[in-house]
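Chains A and B, in that order, are what the protein sequence lines are.
If you use the working numbering, the first sequence corresponds to residues 1 to 151, in order.
If you use the working numbering, the second sequence corresponds to residues 152 to 435, in order.
Do not rely on the hints blindly, as some may be mistaken.
[Unchecked claim] Pairs of lysine to any residue residues, derived as SDA-like cross-links and limited to a Cα-Cα distance of at most 25 angstroms, are as follows:
| no. | chain 1 | residue 1 | chain 2 | residue 2 |
| --- | --- | --- | --- | --- |
| 1 | A | 69 | B | 223 |
| 2 | A | 136 | B | 190 |
| 3 | A | 145 | B | 264 |
| 4 | A | 26 | B | 394 |
| 5 | B | 289 | B | 320 |
| 6 | A | 145 | B | 254 |
| 7 | A | 145 | A | 92 |
| 8 | A | 11 | B | 311 |
| 9 | B | 393 | A | 29 |
| 10 | B | 168 | A | 110 |
| 11 | A | 99 | B | 259 |
| 12 | A | 99 | A | 55 |
| 13 | A | 69 | B | 316 |
| 14 | A | 11 | B | 306 |
| 15 | A | 51 | B | 349 |
| 16 | B | 181 | A | 126 |
| 17 | B | 168 | A | 108 |
| 18 | B | 168 | A | 100 |
| 19 | B | 168 | A | 129 |
| 20 | B | 282 | B | 180 |
| 21 | B | 223 | A | 137 |
| 22 | B | 307 | A | 67 |
| 23 | A | 11 | B | 380 |
| 24 | A | 3 | A | 82 |
| 25 | A | 3 | B | 282 |
| 26 | A | 136 | B | 254 |
| 27 | B | 289 | B | 393 |
| 28 | A | 69 | B | 240 |
| 29 | A | 99 | A | 67 |
| 30 | A | 26 | B | 351 |
| 31 | B | 289 | B | 306 |
| 32 | A | 51 | A | 10 |
Calculated from the structure, these hints are not laboratory results.
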Amino acid sequence: MFKTGFERPEKCFQCGRCTSSCTISKIMGDYRPNRIVGLVRHGLPEVMLDKIVWNCARCMKCVEYCPQKVAPADLISSLQYQAVSRGSAFPEAYGEMMKILSETGLAFRQADVTDRDFEVCNRESMGLPPLTAGAKGRLREMISKINAGEM
Amino acid sequence: MTFSSPSVYWGCFASTKQYCVEISTRSLLKSLGTNLRELEGWSCCGHPLKGPNPKLWLYLASRNLSLAGDGKLLTVCNGCYLSLKEAQHLMRSSSEAAGWVQRALSIEGLEYHEPEILHAVEFFYDELKGKDVARPLKGLRLGAHYGCHSIRGSFKGFDKATNPGMLEDILGMLGAEVVREYPGRLDCCGATLMAVDPDMGFTLASSKITQSHEAGLDGLVTPCPYCFEMLDSRQETLAELKGTQAMPVLLLQQAIGIARDIDQRGLGLNFNMSPVGRILRDRD
Numbered sequence: 001m002f003k004t005g006f007e008r009p010e011k012c013f014q015c016g017r018c019t020s021s022c023t024i025s026k027i028m029g030d031y032r033p034n035r036i037v038g039l040v041r042h043g044l045p046e047v048m049l050d051k052i053v054w055n056c057a058r059c060m061k062c063v064e065y066c067p068q069k070v071a072p073a074d075l076i077s078s079l080q081y082q083a084v085s086r087g088s089a090f091p092e093a094y095g096e097m098m099k100i101l102s103e104t105g106l107a108f109r110q111a112d113v114t115d116r117d118f119e120v121c122n123r124e125s126m127g128l129p130p131l132t133a134g135a136k137g138r139l140r141e142m143i144s145k146i147n148a149g150e151m
Numbered sequence: 152m153t154f155s156s157p158s159v160y161w162g163c164f165a166s167t168k169q170y171c172v173e174i175s176t177r178s179l180l181k182s183l184g185t186n187l188r189e190l191e192g193w194s195c196c197g198h199p200l201k202g203p204n205p206k207l208w209l210y211l212a213s214r215n216l217s218l219a220g221d222g223k224l225l226t227v228c229n230g231c232y233l234s235l236k237e238a239q240h241l242m243r244s245s246s247e248a249a250g251w252v253q254r255a256l257s258i259e260g261l262e263y264h265e266p267e268i269l270h271a272v273e274f275f276y277d278e279l280k281g282k283d284v285a286r287p288l289k290g291l292r293l294g295a296h297y298g299c300h301s302i303r304g305s306f307k308g309f310d311k312a313t314n315p316g317m318l319e320d321i322l323g324m325l326g327a328e329v330v331r332e333y334p335g336r337l338d339c340c341g342a343t344l345m346a347v348d349p350d351m352g353f354t355l356a357s358s359k360i361t362q363s364h365e366a367g368l369d370g371l372v373t374p375c376p377y378c379f380e381m382l383d384s385r386q387e388t389l390a391e392l393k394g395t396q397a398m399p400v401l402l403l404q405q406a407i408g409i410a411r412d413i414d415q416r417g418l419g420l421n422f423n424m425s426p427v428g429r430i431l432r433d434r435d
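Here chain A stands alone, though its shape is the one from the complex:
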């Protein structure tokens, strides 16, 4: 698997700016991005990280404030991928989204939405044109190829 993020854990000198800017650290004291980067650098068992990597809010503050361009949020993204690849549990919502995406090409199904006056609305009733999106052409096939590891 090639690298899809911009993480550079080897450049980290543990200044802790990522953690002092981290959205989650403020409400969950034991979540510390600098520690995650440190654990990766020292090659400690990834299993220790499998659960906590899903707590990232992806606010990208750590990416912005890191003086070394370590991009901790990207590192955490790649740890999420490693966790999934090892077969460890991941949030249910992603599984559901994957299912809808494989069928429709979109992350959600078109929904009827109730407005403030309790009127039930959909694209047609609001005069919106039909969606030009969707799993057209060979997209559906590509999604299943990628998911099956054939690409």
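Fit chain B to the supplied structure of chain A, relying on the hints for placement.
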């Protein structure tokens, strides 16, 4: 500089659930006399799957770029903007990623392209510059909520990540009394956490709204459908779970549309769950 006939990338959320984004954007582009080009066969931008399924993220994002061609591509969601910008940045900096994408796209008979990806804030800023507004938002103390994915990332964005001002500049053009700095201005709305730990998401959204009260704001304005969902659509839940006080929240396109005197339904204001009546009442 003006942008002529951009393609519009709607994104899943704005076109399947948070309809006021698509409705208000269409009305606004029409009132500005800007034609839009629909992208035929677009799909999810891949953003939510970037962590668990990075190859699929990259494929979906690059595929949408390839459909857009080499012109302007307007995005109306922070998540889509970040996803497409990150994919483009990766394609420019990694020959391995670029090679894989090009091979994969060719199976679908597609070719990779490099559109100019525009965020709604930079797009509307340019569109509005030098234009009069019909009904200025006079006397309203408004604050900007950018949302993380409009300003931060590994690529060069449209504004300064640690101290942006373009969204406030737009509110100024609309005649509002702009509060340019308040605690938590650049904080996260918590949307990503809804898939993992909703209570943590609600804590962040509530803190954001509470801080806007402390700054004495009459309303918050955001360009992002997900931030809008957290800060507007979920206000009843926030009041119930966190005791959060109500705060009017508008989408950027709605705020601009109100100042341009576009009718309320044309801006999808019937979908706002926050007390936007407070903002609209004084104007009727």
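Unsatisfied constraints (hint numbers, rising): 1, 23, 25, 27, 29 and 31
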